Amino acid sequence: MKLKIWMTMAAALALGVSASAANAADKLKACWVYVGPVGDFGYSYQHDLGRKAVEKALGDKVETAFLENVAEGPDAERAIERLAREGCKIIFTTSFGFMDPTIKVAAKYPDVKFEHATGYKKADNVSIYNARFYEGRYVMGQIAAKMSKAGVAGYIVSFPIPEVVMGINAFMLGAQSVNPDFKVKIVWVNSWYDPGKEADAAKVLFGQGADIIVQHTDSTAALQVAEEQGKLGFGQSSDMIKFAPKAQLTANTDDWDPYYIARVQAVLDGTWKSEDTWGGMKDGMVVLSPFTNMPDDVKKMAEDTVAKIKSGEFHPFTGPITKQDGTVVGEAGKPLPDGELLGMNYYIKGVDDKLPQ
Amino acid sequence: MRLVLEKRAEHSAKMALLSPIIAIVLTLITGGIIFALRGLDPLAALYVYFVEPLATSWSIEQLIVKATPLALIGAGLAISYRASAWNIGAEGQFTAGAILGAVIPVFLPDLQSPLTLLLMLLLGIAGGMAYASIPAFLKNRFGTNEILTSLMLVYVVQLLLDWLVRGPWRDPQGYNFPKTVAFSGWQTLPSFQLLPPSVGPVYVNLGAVFAVLAVLALAVLMGRTLKGFELSVQGLAPRAGRFSGFARNRTVWFCFLLSGGLAGLAGICEVMSTVGQLQPGISPGYGFTAIIVAFLGRLNPLGALVAAFALAISYLGGESAQVALGISDKTARVFQGILLFYILACDTLILYRLRFQGPAASLVETRT
Chain V
1 MKLKIWMTMA AALALGVSAS AANAADKLKA CWVYVGPVGD FGYSYQHDLG
51 RKAVEKALGD KVETAFLENV AEGPDAERAI ERLAREGCKI IFTTSFGFMD
101 PTIKVAAKYP DVKFEHATGY KKADNVSIYN ARFYEGRYVM GQIAAKMSKA
151 GVAGYIVSFP IPEVVMGINA FMLGAQSVNP DFKVKIVWVN SWYDPGKEAD
201 AAKVLFGQGA DIIVQHTDST AALQVAEEQG KLGFGQSSDM IKFAPKAQLT
251 ANTDDWDPYY IARVQAVLDG TWKSEDTWGG MKDGMVVLSP FTNMPDDVKK
301 MAEDTVAKIK SGEFHPFTGP ITKQDGTVVG EAGKPLPDGE LLGMNYYIKG
351 VDDKLPQ
Chain F
1 MRLVLEKRAE HSAKMALLSP IIAIVLTLIT GGIIFALRGL DPLAALYVYF
51 VEPLATSWSI EQLIVKATPL ALIGAGLAIS YRASAWNIGA EGQFTAGAIL
101 GAVIPVFLPD LQSPLTLLLM LLLGIAGGMA YASIPAFLKN RFGTNEILTS
151 LMLVYVVQLL LDWLVRGPWR DPQGYNFPKT VAFSGWQTLP SFQLLPPSVG
201 PVYVNLGAVF AVLAVLALAV LMGRTLKGFE LSVQGLAPRA GRFSGFARNR
251 TVWFCFLLSG GLAGLAGICE VMSTVGQLQP GISPGYGFTA IIVAFLGRLN
301 PLGALVAAFA LAISYLGGES AQVALGISDK TARVFQGILL FYILACDTLI
351 LYRLRFQGPA ASLVETRT
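Sequence lines, in order, name chains V and F. Mapping to our numbering: the first sequence position 59 is 59, numbers consecutive. Mapping to our numbering: the second sequence position 127 is 127, numbers consecutive.
Simulated from the structure, these hints should not be mistaken for laboratory data. In this text, all values refer to a predicted model and were calculated from it rather than measured experimentally. Fair warning: there could be bad hints in the mix.
As the list claims (entries may be wrong) - Just a sample of chain V residues kept apart from chain F, beta carbon distances all over 10 Å, derived:
1) A57
2) K183
3) K197
4) E227
5) P258
6) I261
7) D283
8) S289
9) E303
10) G312
11) G326
Stated by the list, open to error - Taking lysine to any residue and the SDA-like style, the derived pairs with C-alpha atoms no more than 20 Å apart in a straight line are:
12) V:K104 with F:S184
13) V:K354 with F:G167
14) V:K121 with F:G174
15) V:K108 with F:I60
16) V:K146 with V:P180
The beta-carbon is built from N, C-alpha and C at its ideal position, and this holds for glycine as well.
Using the sequences plus the hints, can you model the full thing?
Written out as structure tokens, the structure is:
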């Protein structure tokens, strides 16, 4: 088989080295690394919309490239380094598991700018950015408590990392603000994208009496199950109304377009600096898609909450907050500090599940 | 007239040499057609796929990184399968080795000496062996199907790893992210320069050396020793093996401990180099891919080494095709599938010959 490799090499060399001439000279190359397929119609899809928005907004000043389905493991570092070597000048690594690989590669390529989503490690050439997804989840909790007849929601989750735990808590705080006895059942699927498992989880949760489904995984599968069974649910990351026109109440969508355009523009202008961005509804980074399949009073309540969050009048994590074990965090009337939110590893009271400790 | 496959009286030596070449030519043609259908220049695409992974010192380095665990595990599995001991759970033994070896950096991060390195490697091997001994024991004691038990145990140990890194072994300074402390100093594998800077500096870590040594040792074992003969006989003719007094139980133990130990070594090497810590995902399925490597290498340790490189090329080629040509990751994988399909399909020609047959079919053993 060694022979085979040599044969191929010889053949290809004879054909000429035509491929490497493809790179245009003075365009800025902006690149993305996705944890899922761009066709997940959820998280990675949304990031890819951001990439396309950059192409559209900056036209022939940029060219883009991406790697999809990159596992958060030993392959991540190579994938990121490959992009750096291929001449990418700014690289967005869009999943928390890419954090250490991003930092490692960034140290080797000081001239390349890196942007890591949902992590906490920065460097001179590494910015971090994230969206305050919890704001949308609080509103979803309120809607769920209003809309659920059983008073029980099913929650499909990926991994017990702070961001996901924060989302569950925000959802429950919202729900409890409407119905203090509201219950949530949680199923961990240990994947960001696994339509089969997500659909199974949805069926199990409906079977256990939940009548509304929430998810922190990236596919449309759970919502489609809700649609089939005549139940309700929420879209994740991306507006999934096409997949569940009768089931989707709203979707907690991420709009990365303005951020990506601004960051790539900053590299073009030479004004790029390492920053820490955590944008919410106010910044247009978290957007709830249109409220559908609900009566007007519920819609009104949701819209009011959104307005309050946007104006800064209200913060979902306003103290005091009672943890699952009965202890209290936060000062009365003050929001929890960002640092505490970003490391959240406890459930609030009323969540019927246990976190691995 | 119809086309039939007729069994050859013996292996065709000519075909053994030709079949991989036919396979690669067919792959190139099919791949070229697919690329052309996608509107890409097929020649440029094939160049990106097959030559680019070999074109720069960086990609050669990455190729070695990727091929190392595949070769380590694949060579062990090749021996096992040769003796009909079906260890499908190398992925789990890989993980078990990584976990046991990581005990040192997690609990004794300050233990820093060359001996630490050795100890971690030995723990890694021990972890893989211990985990492989479960299906071996069940097989010998209760006659359970080792394919099932070894496979199911993969999921068990993966969940154990998951629990450890999210719970008790989590880095206290890590904002509750699921990972252990980063390994450092003697708790990581040293790397050294394989090729001088004049060629383009190529660094490899100690894991690659282990892989080559393991492959050579196993090749000698199979080709030159009685043990190797014993293993082959048990695979080819179990009854003959029994009559010649080879103990089946002992063979099962040997195969599982060997392949499990090598998988464990691959696991600890991977977390001591590329990954640098324990985290939920430490393997992109190396243990399963190594099964393909073993078969692609014709269940021969040296073959497994070559096959490991072939698969590594297809992975890296797929990646560079994504970046350079903007094709999706799916297209890249389809291409990988085509390559494997043709290689295995063409192997048929070693044992069978194609023949046109008239309507009056003869009674020779045929397979259509």
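### Assertion that K197 (chain V) lies farther than 10 Å from chain F (Cβ)
13 Å, holds
### Task
Report holds if the minimum CB distance from K183 (chain V) to chain F is greater than 10 Å, and violated otherwise.
Holds, since 24 Å exceeds 10 Å.
### Query
Within a Cα-Cα threshold of 20 Å, do K104 (chain V) and S184 (chain F) meet the stated pairing?
Answer holds: K104 (chain V) to S184 (chain F) is near 14 Å, not above 20 Å.
### K354 (chain V) paired with G167 (chain F) [C-alpha distance capped at 20 Å]
12 Å, holds
### Task
Say whether it holds or is violated: G312 (chain V) keeps its Cβ farther than 10 Å from all Cβ of chain F.
25 Å, holds
### Task
Grab the minimum beta-carbon distance between E227 (chain V) and chain F and tell me whether it stays above 10 Å.
26 Å, holds
### Query
A57 (chain V): least C-beta distance to chain F exceeds 10 Å?
19 Å, holds
### Message
Would the non-interface assignment of S289 (chain V) survive a Cβ cutoff of 10 Å against chain F?
### Response
26 Å, holds
### Task
Please settle this one: D283 (chain V) was flagged as non-interface, so is its CB more than 10 Å from every CB on chain F?
22 Å, holds
### Task
Grab the minimum beta-carbon distance between G326 (chain V) and chain F and tell me whether it stays above 10 Å.
20 Å, holds
### Task
Would you check the hint for K121 (chain V) and G174 (chain F), treating anything up to 20 Å between C-alpha atoms as holding?
10 Å, holds
### Message
Against the 20 Å threshold, does the CA-CA distance of K146 (chain V) and P180 (chain V) hold or violate the hint?
### Response
12 Å, holds
Consistency with the previously given hints is maintained throughout, with no hint failing.
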